[in-house]
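With the working numbering, letter number 91 in the sequence shown gets 189, and the count goes up by one each step, no holes.
Keep in mind that the hints were calculated from the coordinates and are not lab data. Treat the numbers as computed from the prediction; the structure is a model and nothing was measured. Please note: incorrect hints may appear among the correct ones.
Straight-line Cα separation of at most 30 angstroms, DSSO-like style, residue types lysine-lysine; simulated pairs [claimed, not checked]:
#1 K125 - K191
#2 K191 - K144
#3 K178 - K144
#4 K125 - K144
#5 K125 - K178
#6 K191 - K178
Beta-carbon label-pair distances, calculated as ranges [unchecked claim]:
#7 T155 - G132: 13 to 21 angstroms
#8 G118 - N152: 28 to 36 angstroms
#9 R177 - G118: 13 to 21 angstroms
#10 D122 - N152: 29 to 37 angstroms
#11 N179 - T119: 14 to 22 angstroms
#12 E166 - S140: 25 to 33 angstroms
#13 D151 - G118: 14 to 22 angstroms
#14 Q130 - D151: 30 to 38 angstroms
#15 H170 - N137: 13 to 21 angstroms
#16 E173 - V153: 16 to 24 angstroms
#17 H106 - I154: 15 to 23 angstroms
#18 E173 - T138: 27 to 35 angstroms
#19 D151 - K191: 17 to 25 angstroms
The C-beta atom is built at its ideal place from N, Cα and C for all residues, glycine as well.
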Amino acid sequence: MNTIVLAHEIEDERFYYLEGTPLDTVKECCEQEGHQITNTYSDERKLVNDILDNVITPTTIVAYGDYEDYIHLEEICSRKNIDFLTTFDMQLKNCC
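Construct the entire structure; sequences and hints are all you get.
This is how it looks when you write it as structure tokens:
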């Protein structure tokens with residue numbers, strides 16, 4: 099399974115209040131759900147462009163946050179038949 103993760107870096111004061119980085123959270127959720135991470139992106143635009151330009155062909159994308167944070171990416175995944183998951187949804191299922 100070709101799983102791509104999208105996790106931005108936090109560079110403000112929120113970093114000091116989190117238990118882990120966004121990437122740590124995504125990795126933990128993927129591990130618990132059995133997703134093998136093949137590539138990591140921190141820039142949504144780069145990920146979208148790589149998908150549209152057929153640079154990558156993921157089967158699954160796991161993004162840090164909630165669906166509302168990635169409306170454009172979710173639409174692209176829907177059109178290209180790519181499973182799109184978010185850590186918020188995975189955590190609601192008591193994954194992490």
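Hints and how they fare:
For a cut-off of 30 angstroms, the pair hint linking K125 to K191 stands: about 16 angstroms separates their Cα positions. A threshold of 30 angstroms between alpha carbons decides the hint, and for K191 with K144 the separation of about 29 angstroms falls inside it, so the pair holds. Annotation: proposed proximity of K178 to K144 holds, straight-line Cα distance about 17 angstroms (limit 30 angstroms). Taken as a hint, the K125 and K144 pair is honoured in the structure, with Cα atoms around 20 angstroms apart against an allowance of 30 angstroms.
At roughly 24 angstroms between alpha-carbon atoms, K125 and K178 fall within 30 angstroms of each other, so this suggested pair holds. Taking the CA atoms of K191 and K178, the gap is about 25 angstroms. The hint holds against a cut of 30 angstroms. The hinted window of 13 to 21 angstroms between T155 and G132 holds, with their beta carbons roughly 20 angstroms apart. Range check, G118 to N152: Cβ separation about 33 angstroms, and the 28 to 36 angstroms hint holds.
Evaluation of the 13 to 21 angstroms hint for R177 and G118 yields a failure: the beta carbon distance comes to about 32 angstroms. Between D122 and N152 the beta carbon distance is about 30 angstroms. The supplied range of 29 to 37 angstroms therefore holds. Restraint check, N179 to T119: a C-beta distance of roughly 30 angstroms breaks the suggested window 14 to 22 angstroms. Separated by about 19 angstroms at the C-beta atoms, E166 and S140 break the suggested range of 25 to 33 angstroms.
The supplied range of 14 to 22 angstroms is broken by D151 and G118, whose beta-carbon atoms lie about 32 angstroms from each other. Evaluation of the 30 to 38 angstroms hint for Q130 and D151 yields a pass: the beta carbon distance comes to about 32 angstroms. Here the CB-CB span from H170 to N137 is close to 19 angstroms, well matched to the stated 13 to 21 angstroms. Hint check: E173 to V153, Cβ distance near 19 angstroms, so the stated range 16 to 24 angstroms holds.
Between H106 and I154 the C-beta distance comes to about 18 angstroms, which sits within the given range of 15 to 23 angstroms. As the Cβ distance of E173 to T138 is approximately 22 angstroms, the hint placing it in 27 to 35 angstroms is violated. The beta-carbon spacing between D151 and K191, approximately 33 angstroms, falls outside the hinted interval of 17 to 25 angstroms.
The earlier numbered hints that this structure contradicts are 9, 11, 12, 13, 18 and 19.
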